Amino acid sequence: MSAVAALIRKDLRMELRTRESVPSMFLFSLSTFVLFRFGLDRETLAGDLASGVLWVTLLFAAVLGMNRLFVAEREEGGFDAFLLAPVDRTSLFVAKATVLFGFLVAVEIAAIPAFAVLLLGPSPFQALPGLLAILVLADAGIAIIGTLVGALAIQTRARDLIVPLIALPLVLPVVIAAGHATSPLFAQAGAEALPARWLGVLGLYDLVFGLLALAVFDFLLED
Amino acid sequence: MFGRGLRTLSIASLVLVLGAFSLVFFYAPNDADQGFVQKIFYLHVPLAIVALGGFVTGGIYAVRYLMTGDRAHDLRSYVAIHLSLILGIGVLATGSIWAKASWGAWWVWDEPTLVSFLIVFLLFACYQPLRFSIDDPERQARYAAVFAIIGGAFVPLNFLAVRLAQSLIHPRVLSTTGGDMPGSMRLTFLISFLAMVCLFVTLWKYELASKHASMRLRRLRRALAGDDAAGPLARTAAPTQL
Amino acid sequence: MAPAIELEDVGRAYGERTALAGVTLTLEPGRTLAVFGANGAGKTTLLRILATLLRPHAGRARVLGRDLPAEGWAVRGRVGLLAHDPLLYRELSARENLEFHAQLHGVALERVEALLDQVGLRARADEPVRTLSRGMAQRVAICRASLHEPELLLLDEPLANLDPGAAEAVEPLIGRNAGPARVVISHDVEHGLSEADLVLGLRKGRAEFVAARAEVAEADIRALYSAPAAAREARA
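Protein sequences appear in the order of chains A, B and C.
Numbers 304 to 526, taken from my numbering, label the letters of the first sequence in order.
Numbers 30 to 271, taken from my numbering, label the letters of the second sequence in order.
Numbers 90 to 325, taken from my numbering, label the letters of the third sequence in order.
In isolation and in its complexed conformation, chain A is listed as follows:
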């Protein structure tokens, strides 16, 4: 079994056992939807506003996930155990990014229907195919950045503070692109076409930061 698979399996097992990340991320999303309803003083949203609220909420939920990603490694000696094994160190990055991506998908499976029920004005079904494409690309970007920032922050004193501070600006292009891509899908009059150029931006972002992360991650594990 490859190292990446072993690591992913271990993390999924831990999550199933502790049920820490995914439920919290989901509940946090729900609370945020309620907050937005009152903060914006609107009962239904469409277009730009709906898109923005959805993406900001998903982003904040992702930050929760980022904070937890490396905690077990840090507190239970997992880094050492991994570093002692004769495996490529970037496999830890790939495994963790995949796990974070998985968590995001799991949360979205529940949170987007919740969003559709609670706040979204127009029907979501027409928007679904386009939304899926955007979600895949955007989640990949958030997962890459989240894993990098999580690993960066885990060895610092103020780790829960550093993660959102660093992650939010870095993820901003993803939010911009995903938000712009999603807003026509939530148009009041019915889903419009998905502007493909934003998918291009997301793809480019994922590619650049994915490669960068692979190049740079080793240095975060060395001592």
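Just so you know, the hints here were simulated from the structure itself, not pulled from any lab data.
Treat each hint with caution, since some may be false.
[Claimed, not checked] Pair by pair, the computed Cβ-Cβ distance ranges are:
hint, chain 1, residue 1, chain 2, residue 2, range
1, C, E105, A, R500, 51 to 57 Å
2, C, K293, A, E378, 27 to 33 Å
3, C, K293, B, L271, 21 to 27 Å
4, A, R460, C, G129, 20 to 26 Å
5, C, K293, B, I40, 49 to 55 Å
Note that this is a predicted model, so its numbers are computed, not measured.
Note that CB positions come from ideal geometry on N, CA and C, so glycine has one too.
We have chain A already, so just place chains B and C on it with the hints.
Chains B and C only, in chain A's frame:
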């Protein structure tokens, strides 16, 4: 080690800055639309270009540090980013003043470069807190380098995304008379830009030399009078050893 | 056959503090090095350097014939570390932890079962590690350290928290006659000395002495734990 050519650079900076000031006030013409206040452009744009250049330079030295392990590169990276942050505050402040004078609002979201700059600034503003929160100096340098590289790569991507996000119909708010700058403006801008670059490099070298001197002083003190003579190192974001 | 460990003036700093300096020794395959020293003397730092977790800042270090840190990748997987921390995920069971390590090291899962039997933890192998006592967790950690049949064992107080029965059970895995070369940190002077071929005494990061067992007296080791002036007096 870092102080070579400092005197020449200082004199050059002084000359260029004075030259730029005189050109701005006595030579460059007043802008047709915005009047005198447009002249802040000669401060704002060079500040922005040099600050961004400083961030990218910090990233480049970070790469060199990771590749060679030579902490002098880490020090150079740190000082470049640190200075660029200070310049960045200047960019945002002058941009704000310009916006207020031209358009009556302290901030304009329609100016993509300014918005991109704000995001980059917010990111790099985390550089020092990140460093400060790591005790082990070697780890601090390494993590800071990784961060600087990510930040450096982020700059172009960010500008692209924000640019695309602005509707192309919106006119550039904070610009001069389009791409055709009259010769006098072009010259003034060039001198202002050169002055800013020279000033940045001079300040950069000054800070490098100063930090290096403190390090050597501390090392000497400890070597001569024992490990306890210099007192324990306070927690700091800046590199403390080469 | 190349020595298990060759250290020449190895050192490591932590900021301005010297964690380790001037350590020079050679350990032949199959032999045991006992490391003694007070807290903060640099024992753990030395162990972590040998495990390739830390890079030496000075001197030359060769483990199993490979230079560190340049060839560290070739050493990983041939070295087993038993640290102060058991390095186990507390929410997973002993079996799951060991299976995870087996997968990382490319070891057959049957070996996990064999080891669990060996240390007498078959019955509790499926309970989360956080429910195990310190002694049991230590036994699992010992399994983890020897799972991949390393050529060099790095043991930080291996018998801490173990009752005599357990100590006997782990003997074939990490004991003197288990096979691999060993570096053992111990505060049990008598026992540690009796098992050693080579002895290293550390004080404040510096090697106070490196000698064969026969040349070292218990008093020398006890002197490491007291203040320098008293130590000189004791040796005089």
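Hints, one by one, checked against the model:
no.	hint	result
1	E105(C) x R500(A): 51 to 57 Å	holds, 53 Å
2	K293(C) x E378(A): 27 to 33 Å	holds, 30 Å
3	K293(C) x L271(B): 21 to 27 Å	holds, 24 Å
4	R460(A) x G129(C): 20 to 26 Å	holds, 21 Å
5	K293(C) x I40(B): 49 to 55 Å	holds, 51 Å
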